[in-house]
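Residue-level listing of the chains:
There are 2 protein chains.
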Amino acid sequence: MAKIAVLGYGVVGSGTVEVIEKNKEGLLKKAGQEIEIKYILDLRDFPDSPYKDKFVKDFNVILNDPEISVVVEVIGGIKPSYDFVKSSLLAGKSVVTSNKELVAKKGAELLKIAHEKGVNFFFEASVGGGIPIIRPLHQCLSANRIDEIAGILNGTTNFILTKMIRDNMAFDDALKTAQELGYAERNPSADVDGIDACRKICILASLSFGKHVYPDNIHTEGITKITPEDVAYCENFGGSIKLIGWASRQDDGKVAVMVCPAFIHEDSQLAGVNDVFNAILVRGDSTGDVVFYGKGAGKFPTASAVVADVVIAVKMNSSSKSLYWEDSDQDFIEDTDKIVLENYIRVNGVSKDEAEALFGKVSYLTRKDAPEGELAFITPAISEKDCNEAVAKLGDKLLGRIRVLDY
Amino acid sequence: MAKIAVLGYGVVGSGTVEVIEKNKEGLLKKAGQEIEIKYILDLRDFPDSPYKDKFVKDFNVILNDPEISVVVEVIGGIKPSYDFVKSSLLAGKSVVTSNKELVAKKGAELLKIAHEKGVNFFFEASVGGGIPIIRPLHQCLSANRIDEIAGILNGTTNFILTKMIRDNMAFDDALKTAQELGYAERNPSADVDGIDACRKICILASLSFGKHVYPDNIHTEGITKITPEDVAYCENFGGSIKLIGWASRQDDGKVAVMVCPAFIHEDSQLAGVNDVFNAILVRGDSTGDVVFYGKGAGKFPTASAVVADVVIAVKMNSSSKSLYWEDSDQDFIEDTDKIVLENYIRVNGVSKDEAEALFGKVSYLTRKDAPEGELAFITPAISEKDCNEAVAKLGDKLLGRIRVLDY
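From first to last, the protein sequence lines stand for chains A and B. Each step along the first sequence adds one to the number in the UniProt record's numbering, with nothing skipped, and position 39 is 39. Each step along the second sequence adds one to the number in the UniProt record's numbering, with nothing skipped, and position 7 is 7.
Mixed in with the good hints there might be a few duds.
[As the list claims (entries may be wrong)] Where chain A lies over chain B, by a calculated footprint (3+ residues, C-beta under 8 Å):
no. : segment
1   : 23–34
2   : 133–145
3   : 194–206
4   : 281–295
5   : 314–327
[As the list claims (entries may be wrong)] List time: in silico DSSO-like cross-link candidates among lysine-lysine, alpha-carbon distance up to 30 Å:
no. : chain 1 : residue 1 : chain 2 : residue 2
6   : B       : Lys117    : A       : Lys112
7   : B       : Lys24     : B       : Lys117
8   : B       : Lys112    : A       : Lys321
9   : A       : Lys24     : B       : Lys117
10  : A       : Lys105    : B       : Lys29
11  : B       : Lys106    : A       : Lys29
12  : A       : Lys315    : B       : Lys211
13  : A       : Lys86     : B       : Lys315
Simulated from the structure, these hints should not be mistaken for lab results. We treat Cβ as the ideally placed atom computed from N, Cα and C, and that holds for glycine.
Based on the sequences and whatever the hints tell you, model everything.
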């Protein structure tokens with residue numbers, strides 16, 4: 001029998017406990033032994049819970065119990081999760097977490113400790129909720145050189161964009177709807193500013209390219225500036241606006257990483273991903289494009305990913321060799337200025353001659369009821385540096401800029 | 001160092017050898033040791049191959065070499081593959097195969113031998129080519145009860161259907177195009193009659209439900225009877241026609257399995273899967289719908305799946321507990337007559353009253369230029385038995401019948 005502890009009894013924690021209890025028999029078959037939750041750590045009291053005897057408030061009870069072989073961390077954030085996870089690994093316990101902030105900021109360090117101690121640090125649930133992506137990426141796709149990875153990694157922003165596209169809502173109204181439905185927090189910054197998506201693409205890029213990509217170094221834009229006018233022009237372009245976290249191997253050997261809203265062609269497998277769904281596209285040299293699609297969040301999808309990791313942690317008695325990346329001084333990250341992309345640009349009071357003098361040969365877009373003086377177009381592929389300089393010259397005449405991505 | 005043998009130097013075999021040679025360094029990192037191809041078995045001579053020293057014609061050389069720990073079978077078919085694989089497993093060697101016919105017909109027996117011998121029988125490449133599906137299914141989704149699985153499992157038929165839908169081609173013309181492009185064999189029966197898709201859904205269903213589903217027991221229909229008229233009515237229905245292999249847990253505890261062309265609503269994640277691409281939808285009780293999408297065939301996608309299995313086979317020194325299913329007398333397979341579905345029906349010379357007397361309250365479809373006397377409609381959900389009886393009464397008046405699936 002494997003005894004485990006669950007740190008945190010919030011949405012994911014209670015879901016994890018429920019999934020383990022509900023699937024006991026199937027898990028026994030799959031893990032080769034029974035999985036028993038011995039402790040649940042939470043500062044709150046749950047006197048009516050059927051698991052009330054398992055609750056503890058002192059983490060040291062768990063840390064010092066040699067029977068506990070796997071610790072599940074589903075508290076979130078860095079404090080106190082980081083300390084709990086680190087000391088669990090140092091004590092020779094495997095850790096399973098859904099905490100994307102922790103993995104994005106401390107992954108290399110924690111993986112190193114896990115490998116030194118011969119235990120595992122698993123985090124399938126940190127990206128894509130119930131979509132299997134971490135394990136397929138390092139295991140099933142191991143015979144590939146991964147060249148690019150791009151994903152709709154945040155369900156809240158995808159829901160808001162879907163509302164803007166389908167129901168012609170403005171951003172503020174779509175956000176309000178998302179908040180009313182419980183998809184967005186009262187303070188929605190982590191979602192709408194791209195912070196959550198950035199953590200997730202950092203995890204995926206670290207795993208794909210073998211070196212830690214820290215969120216601080218990544219150009220991250222949210223969706224707050226997108227307008228119904230942009231949505232209308234994107235329709236004329238023949239695509240959808242999506243918030244994309246992406247990482248791409250460049251010709252100079254470096255890796256470009258960015259989070260930005262983007263025009264995506266309608267024949268892209270990412271274009272049809274709507275509402276709160278997530279999708280992750282992996283471009284390998286042998287497989288071509290492989291896409292993983294599903295619910296990127298939610299109590300049971302996320303809990304099921306946590307429990308799947310627990311099953312594997314229970315079964316493995318050595319450290320996974322393929323789930324690993326090194327720490328890095330970030331010198332392999334491409335300078336954002338050098339990234340070359342097409343851009344959608346919307347301006348007011350700018351002539352076609354002026355636009356083409358700034359951006360070169362552009363392709364114009366149209367929309368119904370466009371006011372006199374408005375101009376929208378797709379630039380040729382230009383560097384971020386050149387585009388930023390051209391945009392700066394436009395000053396107040398710039399109404400919108402959205403990158404165009406080819407996924 | 002792990003020494004392996006590759007049986008068969010056809011498309012997948014030569015791709016496998018190339019992927020291993022091309023990614024030597026990355027594979028060393030992932031497998032924890034070097035992987036060396038010691039033998040390639042093929043009856044033909046390859047005097048100009050850079051690997052010419054590795055070729056052998058006698059399988060016993062491989063079988064009797066204790067250095068060989070993993071055998072890769074990429075010959076295809078049952079003879080002689082079955083004997084080679086079985087004796088390799090009995091000799092304590094792990095086997096990796098891309099052979100869907102072998103797994104669909106002999107999987108339970110071979111898995112049992114592998115487990116008894118403490119070695120592995122892996123077949124990621126047998127379904128979905130380069131799409132990771134077998135391993136995510138048994139590993140990442142292990143905390144789920146899988147309720148349904150449905151897939152576009154055959155790229156050739158999906159290409160033909162895409163041509164019929166997009167370019168209004170008739171079946172014969174689309175097949176000819178597929179043959180000219182090398183997507184379809186000169187004898188296309190295994191593809192267009194659904195035989196290939198049937199083998200694949202049998203493998204997925206066996207793994208999902210834990211008992212072997214044999215192809216012989218599965219109602220299998222191909223795409224040869226689909227006409228441009230059906231395509232036009234499906235457009236009016238608001239969807240696409242796809243060849244779907246599907247398996248679904250029924251209320252009576254049995255599992256319904258079928259391969260059939262189907263009307264799929266356009267908001268289904270399977271509807272946008274075009275050309276030679278494959279997609280597999282897994283419906284779990286915790287995750288909801290998860291979809292895996294990519295190239296379902298081709299030299300390098302398939303080879304990369306084979307090599308990923310080789311890496312794991314080299315790393316594991318015990319038998320995988322979760323990749324397993326039992327043999328079965330098929331009593332858990334739902335009687336096809338009892339399967340309940342909506343159906344698209346197209347008839348000639350049948351009044352609405354007659355149609356409704358046979359099928360109940362139907363929804364009518366329209367198309368441009370429909371001739372006098374033609375009628376098309378969607379039936380309510382009815383059992384296969386009832387639908388077959390009603391259809392039999394129509395006799396020559398029946399022009400087409402396609403099931404409607406809700407994926």
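Results of checking the hints against the structure:
1. By the rule of at least three residues with a Cβ nearer than 8 Å to a Cβ of chain A, the coverage given for the segment 23–34 of chain B holds, with 7 such residues.
2. Proximity of the segment 133–145 of chain B to chain A, defined as three or more residues with a beta carbon under 8 Å from a beta carbon of that chain, is established by the 10 residues found.
3. Remark: the segment 194–206 of chain B is not confirmed as covered by chain A, as 0 of its residues place a Cβ nearer than 8 Å to a Cβ of that chain, below the required three.
4. Remark: the segment 281–295 of chain B is confirmed as covered by chain A, as 12 of its residues place a Cβ nearer than 8 Å to a Cβ of that chain, reaching the required three.
5. By the rule of at least three residues with a Cβ nearer than 8 Å to a Cβ of chain A, the coverage given for the segment 314–327 of chain B holds, with 3 such residues.
6. Between lysine 117 of chain B and lysine 112 of chain A, the direct Cα distance comes to roughly 34 Å. Violation of the 30 Å bound is thereby established for this hinted pair.
7. A distance of roughly 29 Å separates the Cα atoms of lysine 24 of chain B and lysine 117 of chain B; the hinted pair therefore holds under the 30 Å criterion.
8. For a cut-off of 30 Å, the pair hint linking lysine 112 of chain B to lysine 321 of chain A stands: about 27 Å separates their Cα positions.
9. Using a Cα cut-off of 30 Å, the hinted pair lysine 24 of chain A and lysine 117 of chain B holds, with the two alpha carbons roughly 27 Å apart.
10. A hinted pair counts as satisfied when its Cα atoms are at most 30 Å apart, and lysine 105 of chain A with lysine 29 of chain B qualifies at roughly 24 Å.
11. Of the pairs offered as hints, the one joining lysine 106 of chain B and lysine 29 of chain A holds, with about 22 Å between alpha carbons and a cut-off of 30 Å not exceeded.
12. Taken as a hint, the lysine 315 of chain A and lysine 211 of chain B pair is honoured in the structure, with Cα atoms around 22 Å apart against an allowance of 30 Å.
13. At most 30 Å may separate the alpha-carbon atoms for a hinted pair to count; lysine 86 of chain A and lysine 315 of chain B meet this at roughly 27 Å.
Checked against the numbered hints above, the structure violates hints 3 and 6; every other hint is satisfied.
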